[in-house]
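Enquirer: Sequences listed follow chains A and B, in order. Under the numbering used here, the first residue of the first sequence carries the number 1, and numbering increases by one thereafter. Under the numbering used here, the first residue of the second sequence carries the number 1, and numbering increases by one thereafter.
Among the hints, a few may not be true.
What the hints assert, rightly or not - Straight-line alpha carbon distances no greater than 27 angstroms define the calculated DSSO-like cross-link-like pairs of lysine-lysine that follow:
#1 Lys153/A to Lys121/A
#2 Lys242/A to Lys410/A
#3 Lys216/A to Lys216/B
#4 Lys542/A to Lys465/B
#5 Lys580/A to Lys537/B
#6 Lys580/A to Lys473/A
#7 Lys561/B to Lys308/A
#8 Lys435/A to Lys521/A
Since the hints were made in silico from the structure, they are not lab data. These numbers come from a predicted model, not from an experiment.
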Amino acid sequence: MREDFREEKKIENAYDSELMKRLLGYSKQYWKILLLCIFLLLIVTGVQLARPYIIKIAIDDHINALDTPMVAFDIGESPIEDQGTIFRNKVYIRENRLGGDYESQPRYQIINHDVEHYLIKGTIDKGVTYEVEEKENTATITTENDAVFTGPKLNSQELVDFREQDISALIKLSFLFLGLILTGLVINYIQTYLLRKTSQRIIYNLRQDVFSHLQKMSLAYFDKNPVGRLVTRVTNDTERIKDMYINVLVTVFKDFFLLIGIIAIMFSLNLKLSIITLAMMPLVFLAAFIFRKYVREAYREVRTKLAKINSNLSENISGMKIIQIFNQEKRKLSEFVNINNEYYKAAMKQIKIFAVFRPTMGFLYSLTLAIIIWNGGNQVLEGIIQFGVLYAFIDYIKKFFQPINDLSEKYNILQSAMAASERIFEILDTEVEIKNPDNPVQLPEKIEGKVEFKDVSFAYEEDEWVLKNINLKINPGETVALVGATGAGKSSVIKLISRFYDIQKGKILIDDINIKNINKKELREKIGVVLQDVFLFTGDMKSNIRLNADWIPDKKIIEAAKYVNAHKFISKLPKKYEHKVKERGATLSAGQRQLLAFARALAFDPDILVLDEATSNIDTETEVLIQDALEKLTRDRTTIVIAHRLSTIQDADKIVVMHKGEIREVGDHQELLDKNGIYYDLYQLQYKDQLFKREEKKSS
Amino acid sequence: MDKYTYLSFFKKYKGRYILGVIWLIIVDGLQLIIPKLLGNITDKIKYDLLDTTGLIKYAGLIIILALGTAIFRFLWRYFIFGTGRLIEKNIREDFYNKLQSLSTRYFNDHKTGDLMAHATNDINAVRMAMGPGIVMIADAVFLTTATIGILIFTIDIRLTLLALIPLPFLSLMAVKFGKIIHSKYKKVQKSFSNMSDKAQENFAGIRVVKAFAQEKEEIDKFAESNRENYEKNVDMFKYSSLFHPLVQFISALSFLIVIGYGGILVIRGTISLGDFVAFNSYLGMLTWPMMALGLVINHLQRGQASLDRLNVIFNEKEDIFDQNIDENIKEIKGKIEIKDLDFKYSDSEEYALKNINLNINPGETAAFIGRTGSGKTTLVNLLLRLYNVEEEKIFIDGNDINDIPLAVVRENIGYVPQDNFLFSNTINKNIAFANPTNMSQDEIIKASKDAQVYENIIEFPDKFKSLLGERGSNVSGGQKQRISIARALIKNPKILILDDSLSAVDTQTEERILESLEEIMKGKTSILISHRISTIKNADKIFVFDEGKLIEKGNHEDLLKNEKLYYDLYQKQQLEEKIANS
C-alpha cells in the first residue's frame, strides 16, 4: 500500500495518436524549421551512406581495376581525350569509360601472373584457370578451355603508366570524400543545433502554457494537488517531452532515411545479398521486440527504486533529530539498507538484461556478416559481383543495425514522453473553476467598502457544508471581529470575500455589487489579505512588501513599514530593506513576519482589509507593536478580522460569533458577555485563570 | 572510516576487476581478429585461393568469434558495470550510516538539499568512474595499442602513422569538449533548479499571489526563469551539437587518408587489397577507444571531485557518542540536576545558556517559560544530548549525563518536538515509532487516547492504518502535535518533555491532554515548555528564562510574589482582562 502513492503511474500505451497530435500542435509554428531539419537530415544521411560506396568505387574502379578489359585506339583517334594509357603507339582505354559504341572492337586485358603482368588481346573470365608460357618478353596463355591468348610482358615503368589513371582518380576521389565529410560536418552541426534549439523553444512555450494555466486554477485545485506534483508537471514532465522532440520525432526520419537508403543501395548492388540481409531482419526485430519488454520493465524498476531511496533518504535527513532522539538509528539503517539493496538488485537486473541484449544484437550482426561473406564471397569467386560490392555490403549492414539497436531506447523516451504529456494535458484540460464575468461591473477607483453576505452557504466538498446560511452586513469603515472555535468557519468567510472559492448558495455583495460580476483581479486589488502563516518569497524585504508591483516606490514601502511598526526590525537587519529572505523567512520571528505582512497589505492600500491574526510564538514586545499596527490599519477601513487577541476583539465595532458554520451571536463585547451565550463560554475558557483570580480577590 | 580512493575500490574489488578486465580484453582480442579475417578473405578471393568450403570455414569462424564475443561481453558487462553498482550501493549505505552518527549540529549547518545532492550526484559520479570509466581505460589502453601494433607490424608503418594523425585530436576534443559541455550543462542544471524553485515558490505561496492579484506578474516572473533555462540550454547546444558531427568528421579524416594513400599503396603493390580492407576495419574500431581516452579523463576527474566531497562527509568527526560511560546504568528514574551550566553553540559568539542551576525531582512537573530565544529549547536539547555538554554540569539521577549510555538517556525520555516531524508511514507506525515491532495495537490506541487524537484517527478512512503524507502533510497541525505526543507517551518514558507542543491544539483539548498527562506521569518527571501561562501554571516548578539566564524559579504563587518577568507576563494578561471587563 505504501508504494502506491509514490510510484509513478503506469502508463502502458507507448503511443497515443490523440496525445501525439496535441503535442505536435506545439511544433506547428516552427514547421518550417523542422522541415528544414528533416531536409538537412536527408543530406546528412546521404553523406553517411556515401562512404562505403566511395570505398566500393575506389576498390572496384581503381584499386582493383587493372584487369578491366580495354579497347585500343591509334593515337589521336581516341574518342575521349587525355584518357587512357599510351603503350607502344596505341591508346588503351578501359571499356567502362567508353559508351556502348565500341562493342565490336577487340578487347585487351592486363593479366597478373605471379609477379609479372602481361597485356593480352582478348579477355579471360574470372575463375578460369590458365597456364603462362613466356618467351622473349611475350607470353602465350592457354586457359583450361584451351583458348589461347598472347601478349607482351609489361615492365615496371609500363605498369606504372597503366596505373597512372587509377592514382589520379583516387586522389580526385579523396578530394570528393573530403568535400563530402566537410559538408556532412557543417550540415550535421546546423541540423543538430537547429533541432535542439527549436525543441527547447517548443518546450519553453509548453511550459509557459502549463504554468499560466495553473495560475488560473482556483485555490480548491491547489488544495487538492500537492506543490511538489505541480512543480514536476511544469519542469520535469515538460523535459521528458523535450527528450522526445530531440531524440525521437525528427531523428526517426534519419533512421528511416538511413534504412531506406541502405536498402536501396543494397538492392542496386546485389539482389541476392540484399534479400539475405533483409531475411535476417525479422530475427533482429524479434530479438529487439522481446528485449524491449524486459528493458522497459527493468528501466522502470530502477527508476522507481531510486525514487524510493531518494524520498527515504530525504525524509530521514529531515527527521534525523527524531530518529536519534528515539534511538531508531539501527532500525532506520536496516530499512535504508533494504531499500538500497532493492535498488541494487534492480540495477543488476538491468545490467544483466543489457548484458544479454547488446551482445545478442552484436551476435546477430556477426551472423548476418558471416552469411554475407559466405554467399557474397561465392558470388565474387564466380565473378558475378566485384569484390568492392561485397565490401560495401559488409560496411552497410553495420550501419543497418545501428538504428535497430537504438530502437528500444527511443521507445523508452517515447513512452515516458507520452506519460508526461498525458499528465500535462490533464492540467491544461482542467477548466478554470472561478470564471471572470462576461460583462464585469467596473469598480470605481475607490470603493465604499460595504460588504454583505446574503444567505451564503458554502462547502469545499459536496454536501459538507462549512458555512450555512450566513447573513452579515458590514458597513464601510467598520471593523468586524470573527470569533469562534477552530472549524467554526471563520477562515472560510474571509476566503470567500476575495472569491478564492465560489459559494454554492446566496450572494456576496461589495458596495451592493455581486462579487461574481466583478473582474477577479479588480476585486482582489480592492481587498488586502493578511494570512495567519505569512508566506515570504525569495528576495529581499522590499520585494516582499511590494511583491511584483514595481509601481510602488521605495518611499511608499518604507512609509508603510514605518506605519505598521515593521521599520524598526527591518532597519536592524544587516542590509535593512535589501536584506535577503532566507528559507522562506525562517530567520524572522512569527511576529516580525506578521508585521511584514501588514506592511505588504498596507502598501497596496486596500479599501477592505481581511486578516487572520497570528497567534503562536509572539513575544511581548512584538505583541505590542502588532496591536498598535492593527489599530492603525483598521482605522477608517472596512476590516474583517479573525481575532485571537482580546484587544482586537475589544476594538471591533462588531463581534460575530461563529459556531459550526453558522453565525450565532452578533454584538459588541459587553453585549455578548451579557448574553451569556457561546461568546461567554469562549471567553470563559480562554481567560478562566484570570477570572478565578478576580473571584479570589473579590472574596478575600 | 577510511578515506575512499580509487585505489581503495580496486583493492576491495580486485578479483572482480581483474576478471572483468580479462573478459574485456578477450572481447577486444576476439574483435581484433575479424578485420584480419576480412583482409585474408579479400586477398584469397582476389588471388583465387578460396573455394566454397574455404568460405564456409571463414563464415563459421566468424560465427564462433561472434559467439565468444557475446559470451565474454556479457561477462565483462556483468563484472565491471556490476562492480560499479556494488560500489555505489556500498557508498550509499556508508553515507547514510555516517549521517546517522552525526549530531544535530551537523544538520543545522548542512541543508538537506545539499546532502541529497551528495547522495545522488556524487555517488553517481563515482559509479561512472568505477564502472564505465574502467571500461574506457581498458579499451583505450588495450584496443589502441593492440590495433596500432597490428597495423604497424602486419600492414604498413607509414600508412599507419599517417592515417592515425587525426585520431589524437579525437581524444583531445573529447577532453576539451567534455569539459566545456559539462560546465555549460551545470549552468543548465542551475537554471533548471532555479526555474523549479520559482514554480515551487509560486505554488506554495499561491494564496498570497491570488490575494494580491499577482498572477500576471508571476507568469512574467516565471517566463523570465523559463527563458533563462532556454537560453542556457541553447548556449550548451552550440557546443554539444558539434560534438558528434566533429567526432564523425575526425574519424572520417582517417578514412580519407586510407582511401587516398592506402589505395595508392595497393596500386603500387606495397600492401595488398586485403590489407586495405583490414585497415579500414581496424580504423573503424579505433574511433571509440580514442574518444574513450578523452572521455575517461573527464569521468575520472569528476569522480575524483565527487570522492573528495564525499570524503569530507566521511571524515566529519562524530561528536556525540559514548565515551567512558558507566555501563551499569541501565535505566533512569528521572531526577534532573543542572549545575552552573554555560552553553554556547559552535557557530555563535554568544552564550545561549548562562550559569543555569536547577533541580527537578521524579514525580515533579517542571515548566520552562520565556521569550523565543531565551534558551528553553537549548536546555532541552542538552538533556537529550543532541549537543555535547561539559562534564559535571548536567546530572540525571546523580550521574553525569556524559557517563550515561546515550541510548539509555534517549530511551527514557519522551520528547515532543516543536516541529512535530512525522514520517510518511501509517499512523500506527508513527505512534509506535520507538519500537514498531513490539508495540501492541492496544498500546497504540491507549497512547492515542491519552494524547486526545484517537477520535480523529478513527474518523480517517483507514483509521490507524492511514498513510501520512510526507512530513504528515495530510493531517492538521493540531493532529500532528497530538500524534507526536502519542509517539512520546507510548514509550512510557521516565522523563517527558513537551516543547511548545500544544500550540496548535485548542484550549479545551489542551486541558484534557494535561489532565491525562498528570495521571500518566505520576511519579515521573515532566517538563513543559509553553508560551501560554494556562498550560504551565499548575506545574510544581516553573523556571523563567530570559536571554539564556534562569531568572526566576518557583511555583505559580511564588513567582507572582517575585514580581519579575513572570509576574509581568501574568500582569499583561490581567491587564487585558481588566480592559476586557471595563
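Enquirer: Against the earlier hints, flag every one the structure doesn't satisfy and list their numbers going up.
Expert: 4, 5, 6 and 7
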